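From first to last, the protein sequence lines stand for chains A and B.
Each residue of the first sequence is one higher than the one before, starting from 1 at the first, in the numbering used here.
Each residue of the second sequence is one higher than the one before, starting from 1001 at the first, in the numbering used here.
Only true hints are included.
Covered stretches of chain B (chain A as the covering partner; in silico rule of three or more C-beta atoms under 8 Å from a C-beta of chain A):
id, stretch
1, 1177–1187
2, 1190–1199
3, 1206–1214
What the hints contain is simulated information worked out from the structure, not anything from laboratory work.
Nothing here was measured: the structure is a model prediction, and the numbers come from that model.
Ideal Cβ placement from N, Cα and C applies to all residues, glycine included.
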Amino acid sequence: MSTSSSKNNQVASTSKRADRPGGNRPPGPSGASHLVIEHICKAFPGVQALNAVSFEVREGEVHALIGENGAGKSTLLKILSGAHQADSGTIRLNGHDITIEDPRSARQLGIAIIYQELMLVPWLSVAQNLYLGREKQFGRGIVSVKKMNAMAREELHKIGIDLDPTIPVAELGVAEQQMVEIARALSENARFLLMDEPTASLTEKEIEILFEKIATLRRAGVAIVYISHRLEEIPRIADRVTVLRDGEVVHSSPVSEVTLSDLISKMVGRPMTAHFPERTAFKGAEMLLVEPPPESTRSRTVIVHAGEVVGLAGLVGSGRTDWALRIIGAVPSKNQRIFIDGKPVKINSPTRARNLGIGMVPENRKDHGLVLCRTVRCNVTMTILDRLAKWLGFLNTSAQSDTCSLYLDRLDIRCSSDAVECSTLSGGNQQKIVLAKWLARNCPIIILDEPTRGIDVGTKFEMYTLINELSKTGKATLLISSDLPELMSMSDRIYVMHLGNIVAEFDSRQTSQEEVMHHAFGYFDRD
Amino acid sequence: MSIRISATIITRFLSRYGSLVMLATLVILMSLTSKEFLSLNNLTNVARQVSIFAIIGAGMTFVIITAGIDLSVGSLLALTGCVAMTIIDKTNGDFIGITAGILVGAICGAVNGITVSRFRVPPFIATLAGLTVYRGLSLVITKGLPIVKFEGSFRFIGQGVIAGIPVPVIIMVIVVIVMQLVLSRTAFGAYIYAVGGNEEAARLSGIKVAWVKLWAYVLCGLLSGLAGMILMARLSSAQPAVGEGFELDAIAAVVLGGTSLMGGRGAVWSTLIGALVIGILSNGMNLMGVHSHYQLVAKGVLIVLAVMLDDYLKRRG
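Using the sequences and the hints given, assemble the complete structure.
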């Protein structure tokens, strides 16, 4: 084993010398940079993550990689970027067999990865991040900040980004940080850019900018492998698309040859007639009423009725989450007037909101939704511990596990037992647990902040079905989402937020995505 | 293949019960090297010495699981002793004195807790201030001089023996059992874990985070007061300089037990094991005639090694 790998290392280092991509040398024998992987297998304890996966990407091509969560997309990217090693199979770069031992050798081969969670040091400047670990070129011992900034400016300019290289990365938006990562990869002569869900946390506008950049890079001959959960992006930017399912390639073709619904049915392995379940709306009594703050002149009142799903649209950064956090008292607000069942209430803490029957599934399940190091049981029952406490605060443990298994069943949460840590579950199951803990509390009012972000298509559909079931039982649901089709299909009415104000209200059957987006962008400001 | 499976089982077992294995190894080693070690007399001695650290450690475990720390416990040990002894000295009310001592511990813990949870001072800073202030107050109360009293029923909780078992050991066992039950069986215990594991998620779930933290510090202070009473009774005196560095031994016991300083994980029983490891190690070295200077070095090395091993096993398991 060890001898064969050291032999491979030699091969890798010779091929590195032979056709170091991205340098000034002409590209390899095939005339263009060309990365081929063949029959790659990778197993983790208990699962075959990749099974004989073959895949190729050429210079100047955007290759989309899609599949449900756990299909093996990220594993594949990790193998290409050197974070994981394949168990078997070959990787060839411009006709030469290579091994990618670690992230460093991947970078030397011209393969760079941009993860969903960005890998920048927040309090270092843009330039310092660009050249992190490569400061030597700006002087030994003492680094010439001036030279570094100048070079960084040039590097950013090359991909058409106008950013001050001296400001700390923490002050940039997510999209700009992404640009910095791309610039860093290119400054290391990357010829292959692997992007793991780059648009997941971007606004519509930022996505446009990113797509423009991707187009520029493609023209410049960079090859891009692109993972996305947003299918509608694929035809816009990708040349080829490969669908992974359960670690195997089930489809690979030029994008022009397939339709989106084809792709979806290939991903889930079963035909799916619609993305969204049918909604039968019924409107009960008024449950939640949020008045605009008195200082605001253009904000509207938000009303949610029993049995209704009310959507809240708006660009990322428009203040939707903040608005919701104010309702549940997690962000202090002095003169927010809120009525529940027509009665004015004062909510100054999430505890108070909970006791009044408002539950919130927050946007970021890992940071705000779950205690990852605790068990499934603890998380599901976290909101009802006060009810489970008996004499001297001792928990009724049998009631606790009964409640837990009830909701594990009802939401079809997959875990080997309710005593496993939440960190071991998949994103979709984690998201269901966050919802389960509010269902356990039986809150009549539920706020869902981006409930389907980063979960696979199948789980999304389950989530939608659940939301519908909940509203049938008379719950008042407020749905915050950046996914417009989702918002339009799932909600009965839609409010639109722009710069912290509720600026418009629509019946979702009588409006269009364009109309909602216009208000979200504030184009009707001057009316 | 089967070798690999049993290896993972062992790794998992070690990562879970590593502190127990460490304790067992230590006991075996000590009993092999020293005949005296396993004598009833010596073991009773060790248990008595360990009791104070284990009692403080139980409270410390709560604080550390909330991702906090309490550096003031050593000073509290002195302050509560001085307050109690002053009252006992003036009034001859042993019971009142001891109650007051424990109460002072709880109050000082509450002050720590409020500083941390209400005013959002980082626990390290807040309790570092407590360490100085409470030590200072002990010196103020006693004018820097020890108060010695060789008579009185108060000495029972430090020196008494029931059915051959020293009273401090009995108190320790009760404290560990009660605190472990609170941690693993009550709603409050679940809150402690939740707050330490993810404060924001706990808050958004409607848990009163500030209240939970406050009570963790109150319990830690109260148990330090209790330990202060035992120490005072054992020494038959209140000494304003006593307990210096005890906070570090208590923290070491918690960490050796495998409780994470990052919060969200840990247990009280494992802190008891950690305290026993430290106690047996120093006892063993005493029996072997190791100079106390070298003992300090050995203790430090052991703590780092234990945490490194624990971390290694957790990553593999």
